[in-house]
Amino acid sequence: MKIGNQFISLEITCKRSTNVDPITQDTIEKCIKIAMEAHEGQRDRDGNAVILHPLLVGSMGVTDAEKCVDFLHNVVEDTDRTFDDLRNKKIPEEIIEALQLYTHDVSKDYFEYVQQIIDSGNMTAIHVKQNDLRHNIARGKAFGYIDLVEKHEKALQMIEDFLQKIKYSRGCPII
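For the working numbering, add 4 to where a residue sits in the sequence shown, where the first one is 1.
Careful: at least some of the hints might be erroneous.
[What the hints assert, rightly or not] For lysine-lysine, the following DSSO-like pairs were computed, each having C-alpha atoms within a straight-line distance of at most 27 Å: (1) K169 x K155; (2) K37 x K93; (3) K112 x K158; (4) K94 x K34; (5) K34 x K93; (6) K112 x K169; (7) K158 x K145; (8) K145 x K112; (9) K112 x K155; (10) K155 x K145; (11) K171 x K158; (12) K37 x K94; (13) K155 x K171; (14) K169 x K158.
Since the hints were derived computationally from the structure, they do not count as laboratory data.
Full structure from sequences and hints, please.
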């Protein structure tokens, strides 16, 4: 029974941590609009609208928080928008915290950056990076960017090794 109580306690903790500031469908729509405005007119190296990437990555999100962070994941990194801009738009702090972990400081080695996301234990940021890498690998293979594919595959392996190590399933650790 004690083990059962511990499991119930863990389950409640996980539910609370994913609903710190309730994310509604309106929040998701707001995040999509912010991303669309921020990336308006931007093109990637292949001439495609940049917004397609965050929209596709966002569709890979499982939780509402993941979807929001997926949609916004390049807004601060690749535009003139700031975290304060997102706060002013009433984006929940849970999303901003994951975005802060996710946003790459280019002065830091790429694999150190990925490790920092892993070490944070922020499962939203970890899963967003996983989603982003999966899409970047698919795009890289489609357009022949072998060096990027290899780099992203190594980063994805780092994340998947971590998730396997803690036997993490979306939501809560498996006991």
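Against the structure, the hints:
no. : hint        : result
1   : K169 x K155 : holds, 21 Å
2   : K37 x K93   : holds, 11 Å
3   : K112 x K158 : holds, 17 Å
4   : K94 x K34   : holds, 9 Å
5   : K34 x K93   : holds, 8 Å
6   : K112 x K169 : holds, 25 Å
7   : K158 x K145 : holds, 14 Å
8   : K145 x K112 : holds, 26 Å
9   : K112 x K155 : holds, 15 Å
10  : K155 x K145 : holds, 12 Å
11  : K171 x K158 : holds, 19 Å
12  : K37 x K94   : holds, 13 Å
13  : K155 x K171 : holds, 24 Å
14  : K169 x K158 : holds, 16 Å
In the structure shown, no violation is registered for any of the earlier numbered hints.
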